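**Q** Given next are the chains, with one letter for each unit.
Protein chains: 2
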Amino acid sequence: MKDLAGSPGTITGLVLRLFQCLFAAGSIASMASTNSFFNFTAFSYLIASMGLQVIWSFGLAFLDACALVKKKALHNRVLVSIFVVGDWVTATLSLAAASSSAGITILYFNDLGGCGFGQECQKYQLAVALAFMSWATIGISSLIMFWTLAAG
Amino acid sequence: MKDLAGSPGTITGLVLRLFQCLFAAGSIASMASTNSFFNFTAFSYLIASMGLQVIWSFGLAFLDACALVKKKALHNRVLVSIFVVGDWVTATLSLAAASSSAGITILYFNDLGGCGFGQECQKYQLAVALAFMSWATIGISSLIMFWTLAAG
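Going line by line, the protein sequences match chains A and B.
Take the working numbering: the final residue in the first sequence is number 330, and no numbers are missing along the way.
Take the working numbering: the final residue in the second sequence is number 330, and no numbers are missing along the way.
If you are wondering where the hints come from, they were derived from the structure by calculation, not from laboratory data.
Bear in mind that the values here come from a model prediction, so they are computed numbers and not experimental data.
Among these hints, one or two may not hold up.
Stated by the list, open to error - Cross-link-like lysine to aspartate or glutamate pairs, in silico, DMTMM-like; alpha carbons within 25 Å at most:
no.: 1; chain 1: A; residue 1: LYS301; chain 2: B; residue 2: ASP289
no.: 2; chain 1: A; residue 1: LYS301; chain 2: A; residue 2: ASP289
no.: 3; chain 1: B; residue 1: LYS301; chain 2: A; residue 2: ASP289
no.: 4; chain 1: B; residue 1: LYS301; chain 2: B; residue 2: ASP289
To be verified - Computed list of chain A residues with no C-beta within reach of chain B, every gap over 10 Å:
no.: 5; residue: LEU200
no.: 6; residue: GLY204
no.: 7; residue: THR212
no.: 8; residue: LEU230
no.: 9; residue: HIS253
no.: 10; residue: ASN254
no.: 11; residue: GLU298
no.: 12; residue: LYS301
no.: 13; residue: GLN303
no.: 14; residue: LEU304
no.: 15; residue: ILE318
Backbone N, C-alpha and C fix where the C-beta goes; we use that ideal spot for every residue, glycine too.
Taking the hints into account, I'd like the entire structure generated from these sequences.
**A** See the structure below:
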């Protein structure tokens, strides 16, 4: 397997994982600090999905860091297959969660003529924006992983 | 490039494309037959995204059919690259549209205690379900395409 930028055990891979963690954690923090998120199925789903994202990305960041410190390659075919499946599942869930929350946010802001939850509205928007940023980084990771597996 | 099931110019590829068309067209028909979809940004976006899906999938189904009739392989590297990009873009847009519409449908059915649009509620649900089925088939197609490109 070639040593593609962003593949497991590289510095770019580690940075991508850390960004995924950061954005997902920010999204959870922003959403969980509102008082009414549990009234909306999509917002609760966003928190669950971003929680899974944090756990997955943090685990892989830890593995990347270990591989970098020990200077060991993580290019085992079975390991990369597991990474690919995990990446695709979390990426799909993240996009679905971000989109469904965005749908509701836009419904309240545009379609129903303004959001009536006061201060919480900005927090909803921030959480959705961070979720999309988290999805973008996991999307890049999963494309690189899939390429590494297929071309390896 | 290997002749993977579902890759361009194969019968399974053609069947996948036809299912994508069918589901997407059904989703548009179901959503467009309601009187109030244009009040919801997400529902309008669903129609736009499914429209793009129909055009893209129909175009590729046509190409597949031509290749099958003429018994010509479609395994040109540049052509497959274009298919991969188009597939990924339409798949992402379809998932985003289906999820945002599902978020709103669930908001009305569950969170706000029942949908008040009468007959139209079933149509919304049907449109969302068909959009998810269209996404599932385009998702399979795009994974196969990406694999064909990377392994070719």
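**Q** Against each hint, give a clear statement of whether it holds in the structure.
**A** Structure-based check of all given hints:
1. With a C-alpha separation of about 20 Å, the suggested pairing of LYS301 of chain A with ASP289 of chain B holds against the 25 Å cut-off.
2. Proximity of LYS301 of chain A to ASP289 of chain A is assessed by CA-CA distance (about 19 Å); at most 25 Å being required, the pair is judged to hold.
3. Distance hint between LYS301 of chain B and ASP289 of chain A is fulfilled; the C-alpha atoms sit about 20 Å from each other, no more than 25 Å.
4. Restraint check: the Cα-Cα separation between LYS301 of chain B and ASP289 of chain B comes to about 19 Å, which is no more than 25 Å; the hinted pair holds.
5. Every beta carbon of chain B lies more than 10 Å from that of LEU200 of chain A, the smallest distance being close to 22 Å; the non-interface claim holds.
6. In this structure GLY204 of chain A is separated from chain B by more than 10 Å, as the shortest Cβ-Cβ distance comes to about 20 Å.
7. The Cβ of THR212 of chain A lies farther than 10 Å from every Cβ of chain B, with a closest approach of about 15 Å, so its non-interface assignment holds.
8. Against chain B, the non-interface label of LEU230 of chain A holds: every CB pair exceeds 10 Å, the least being about 16 Å.
9. For HIS253 of chain A, the requirement that its beta carbon stay farther than 10 Å from each beta carbon of chain B is met, with the minimum near 15 Å.
10. Here ASN254 of chain A stays apart from chain B, with its beta-carbon at least about 18 Å from theirs, past the 10 Å limit.
11. At the 10 Å boundary, the C-beta of GLU298 of chain A stays outside the reach of chain B, the nearest C-beta of that chain being 15 Å off.
12. Even its closest Cβ contact with chain B, about 17 Å, leaves LYS301 of chain A beyond 10 Å, as expected for a residue assigned away from the interface.
13. In this structure GLN303 of chain A is separated from chain B by more than 10 Å, as the shortest Cβ-Cβ distance comes to about 14 Å.
14. Every CB of chain B lies more than 10 Å from the CB of LEU304 of chain A, the least distance being 17 Å, so the non-interface label holds.
15. At the 10 Å boundary, the C-beta of ILE318 of chain A stays outside the reach of chain B, the nearest C-beta of that chain being 12 Å off.
Of the numbered hints stated above, none is contradicted by the structure.
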